[in-house]
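Construct the entire structure; sequences and hints are all you get.
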Amino acid sequence: MNTRRLFSLFLVTMLFMLGVSVMAQDEAPTPHVFTVPENPPEYTEEQLADNAYLQSVVRRLTEEYDTSAFKKDPPYRIALAAQGPTNSWAALFDEHARWYVDQLGTDVVSELLYADANGSADVQVPQVEDLLAQDPDALILVPMGRAALSAPVERAMAQGVPVVLCASGVDTDNFVTEVGTNLYSSGERWAQWLVDKLGGEGNIVQLNGIPGVDTAETEALGAEAVWAANPGITVLDAQYGNWSTSEAKQVMEQWIAQYGDQIQGVWSGGAQMSMGVISAYLDAGLPIPPIGGGEYMQGFLRLAAENNVEFYAVQYPDAMVILCIDAALQILRGDPIPRYIDFRDYLERTQDFSNEDMDQFYNPNWSDDVFGPVFLPDERMIELGYLTTPESSG
Amino acid sequence: MEGVEHTPTRSSQLTTFSLRQFILRYGVYVSLVVLLLAAAVLVPGIYSPQSLFLVLRQASQLGLVAIGQTLVLLVAGLDLSVGGVIVVTNVVIAEVSAGENANIPLAIGVALALGALVGLVNGWLITRRNVPPFVATLGVLVFVQGAQIAYTKGIPSGFVPDGLNVVNQSVGPLPVPFVLWVAFNLIFAFVLYATPYGRKIYAIGSNREAARLSGIRVDRLIVSAYVLCSLMAVTAGIVLSGYVGYIDRYLGRGFDLDSIAAAIVGGTAFTGGRGTLLGTAAGVLIVQFLSNITLVLGLDEPVQLIVKGLVIIAAVALYSIAARKP
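Those sequence lines, one after another, are chains A and B.
Numbering-wise, our numbering puts 149 at position 149 of the first sequence, and it's gapless, one number per residue.
Numbering-wise, our numbering puts 1248 at position 248 of the second sequence, and it's gapless, one number per residue.
No wet-lab data here; the hints were simulated from the structure.
Idealized CB from N, CA, C, for every residue including glycine.
Hints may be right or wrong, so weigh each one.
Unchecked claim - Distance ranges between label pairs, derived from CB positions:
| hint | chain 1 | residue 1 | chain 2 | residue 2 | range |
| --- | --- | --- | --- | --- | --- |
| 1 | B | V1041 | A | N307 | 37 to 47 Å |
| 2 | B | F1190 | A | A121 | 41 to 51 Å |
| 3 | A | M157 | B | L1036 | 57 to 67 Å |
| 4 | A | G212 | B | A1314 | 21 to 31 Å |
| 5 | B | V1041 | A | D130 | 54 to 64 Å |
| 6 | A | D130 | B | Y1026 | 50 to 60 Å |
| 7 | B | G1146 | A | P377 | 27 to 37 Å |
| 8 | B | L1186 | A | A284 | 24 to 34 Å |
| 9 | B | Q1169 | A | E306 | 18 to 28 Å |
| 10 | B | F1190 | A | A147 | 52 to 62 Å |
| 11 | A | A147 | B | A1314 | 25 to 35 Å |
| 12 | B | A1314 | A | S56 | 37 to 47 Å |
Said to hold, decoys possible - One-sided excerpt, in silico: chain B residues whose CB lies under 10 Å from chain A:
| hint | residue |
| --- | --- |
| 13 | A1094 |
| 14 | Q1145 |
| 15 | G1146 |
| 16 | T1152 |
| 17 | N1165 |
| 18 | G1245 |
Stated by the list, open to error - Computed footprint of chain A on chain B; a stretch qualifies when at least three of its residues, placed anywhere within it, have a C-beta under 8 Å from a C-beta of chain A:
| hint | region |
| --- | --- |
| 19 | 1042-1053 |
| 20 | 1231-1244 |
| 21 | 1250-1258 |
| 22 | 1292-1298 |
Now the structure itself:
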């Protein structure tokens, strides 16, 4: 075979291999497009009165932000000021962010500027300044403190860097949009399920998260509104469990000793505390009452499955960072965007669920600390040690 | 008569001396009795067998850590890294055992080895590098927490084996952790009060330089105190792991300061050289009963913390006044 034919054969082979490799790559995901909801939730004046959080969420759900001033051509440099892998939720948050940016490709996001706040507002404030100094196209922020991060957010906006709040809020209204869910409604839904379960009559105990933390206090307010509307429900006691399994167990043990089988239901502001509740009842050898306080958390679902616990779960997925990134992209395209984005409207598998449909969510091969839904590929989950065998993540 | 300076008589000196000594020696026990009587009036339900069982079990978890903390305080130190050691123990138990009871001894061995290493580092920093105990143990705490998060990437894997559930059982009417706590108290009491090691520990705390001049290997003994403190924190971590049955990143939160508070309330001096394990045990019971009483009374958590803080301040103030020479 002469040289020319050999070269032609080589060229054809290389082109073929290139074509195969291109075809073998995952297609880049199509970013979500956010619009003002057609049927936003409605609240009475009484519910909105003295509830600044609810007023803000309700107002922003139907507001649109004109992002034309931020319009730029891709690729984009996006800054992510995150909580940092201080717990499993935050660790998976970061993993989802990196994975999603990787999927989008460098044609869309050329660089993800990342800062790890180690869960501290004091650490995060100067980090945001450092990120802004690198002149990103957009800033995605998981605020570690509402008040502390308000000024940095305003500085970012003044600098022309659009801010997307992710999973938490700030005191200032000067940002483009926030991705999250109506925490007041989350607390309400947990409570309403309990009320319905008890037929509107019964004794419950209420276990809140960490005192002073926005999420915990807002969810508790939602629950208290439901109790007030249902006088047949008696709250025997309300305490803080600090989102800790061990602390919640100690509180629950004391309640069991004090009230015994008078407790007909438990409202819990987090799955980790709900695990402590179940553990306390197992140690006491008493039947476990219905729990309005589940989440899509593997350890809780495992315990609930093993002990036939009745529960209602409301989600707060770490995967919402995917929507936060998509929101940043929509802003940078110059398209109008709603000022509040409820992840339940866009992210699959984030709906409420109960013990009756738990099999759609429970994955026995996940480690206990995993918060779903998970969109990472199985290989990555195995590599990280979160998945023991190749099963479909969900 | 005017202008005549009053000279204290021998009898008044004895009275003053006895009151001071009484407070120093028995103040914590009197306080505990008063608290228990108050509980009987305010929340009599706390004396139900079930409730007492809970209080003793929870007190034992803190009590195990407080034993080690007392040792460290006796040599004029303190250990803020115990909380981090508890969490690391929880993670190690789950990851090394992978939920299998057969792996429990190995998991416990690894946890104890890591705990000893933490104690050695604390002791080395304090004795060889002259880092103040507060700074050294705080730094080690931050390092241990960071190392744990970095290793697990924020999501520890594995399960706590159900064999550790034995800590939720009882020996007769007494919770297993309480029996453990009593056993360790007896062991350490023997070591502190009936062995040369114990006498040297008190001597170091009373006057480090004099102890050194008398031939005591001060640095080595201080390091040993920190190692033992960490090992007791590991023991508490094992008990707590069995109690929760799960990897809890908040496990043992507050045990660092609570164990110090219990020892101080129990009469152990911050400056070293004074304190007893029995006093610490009483201090633990005071701290734990206070927590349970305020919980049963339905007080908000901020109020609970205020009450606890006031009791600690009052105890420290009383001891410091009593400890002043007349």
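Against the structure, the hints come out as follows:
1. Separated by about 39 Å at the C-beta atoms, V1041(B) and N307(A) satisfy the suggested range of 37 to 47 Å.
2. Evaluation of the 41 to 51 Å hint for F1190(B) and A121(A) yields a pass: the beta carbon distance comes to about 49 Å.
3. Taken as a hint, the range 57 to 67 Å holds for the pair M157(A) and L1036(B), whose Cβ atoms sit roughly 59 Å apart.
4. Taking 21 to 31 Å as the suggested C-beta distance range, the pair G212(A) and A1314(B) conforms, at roughly 26 Å.
5. With their beta carbons about 58 Å apart, V1041(B) and D130(A) fall inside the hinted range of 54 to 64 Å.
6. The hint said 50 to 60 Å for the Cβ distance between D130(A) and Y1026(B), and at roughly 57 Å that hint holds.
7. Here the CB-CB span from G1146(B) to P377(A) is close to 28 Å, well matched to the stated 27 to 37 Å.
8. In this structure, L1186(B) and A284(A) meet the distance hint of 24 to 34 Å, their C-beta atoms being roughly 30 Å apart.
9. Taking 18 to 28 Å as the suggested C-beta distance range, the pair Q1169(B) and E306(A) conforms, at roughly 20 Å.
10. Remark: the range hint 52 to 62 Å for F1190(B) to A147(A) is upheld by a beta-carbon distance near 54 Å.
11. Between A147(A) and A1314(B) the beta carbon distance is about 34 Å. The supplied range of 25 to 35 Å therefore holds.
12. Between A1314(B) and S56(A), the C-beta spacing of about 44 Å keeps the proposed range 37 to 47 Å intact.
13. Taking 10 Å as the C-beta contact cut-off toward chain A, the hint placing A1094(B) at the interface holds, the least distance being around 8 Å.
14. Interface hint status for Q1145(B): upheld, as the beta-carbon distance to the closest one in chain A is roughly 9 Å, under 10 Å.
15. With a cut of 10 Å, the hint placing G1146(B) at the interface with chain A holds, because the nearest CB-to-CB distance is about 8 Å.
16. For T1152(B), the interface hint holds, since its Cβ comes within 10 Å of a Cβ in chain A; the closest pair sits about 8 Å apart.
17. A cut of 10 Å between beta carbons decides the hint on N1165(B): the least distance to chain A is about 9 Å, and the hint holds.
18. For G1245(B), the shortest C-beta to C-beta distance to chain A is roughly 6 Å, which falls under 10 Å, so the interface hint holds.
19. Residues of the region 1042-1053 of chain B lying with their CB closer than 8 Å to a CB of chain A number 4, which satisfies the three-residue condition for coverage.
20. With 3 residues having a beta carbon nearer than 8 Å to a beta carbon of chain A, the region 1231-1244 of chain B meets the requirement of three or more and the stated coverage holds.
21. Residue count for the region 1250-1258 of chain B with a Cβ under 8 Å from a Cβ of chain A: 4. That meets the three needed, and the coverage hint holds.
22. Under the rule that three or more residues need a Cβ within less than 8 Å of chain A, the assignment of the region 1292-1298 of chain B holds, with 4 such residues.
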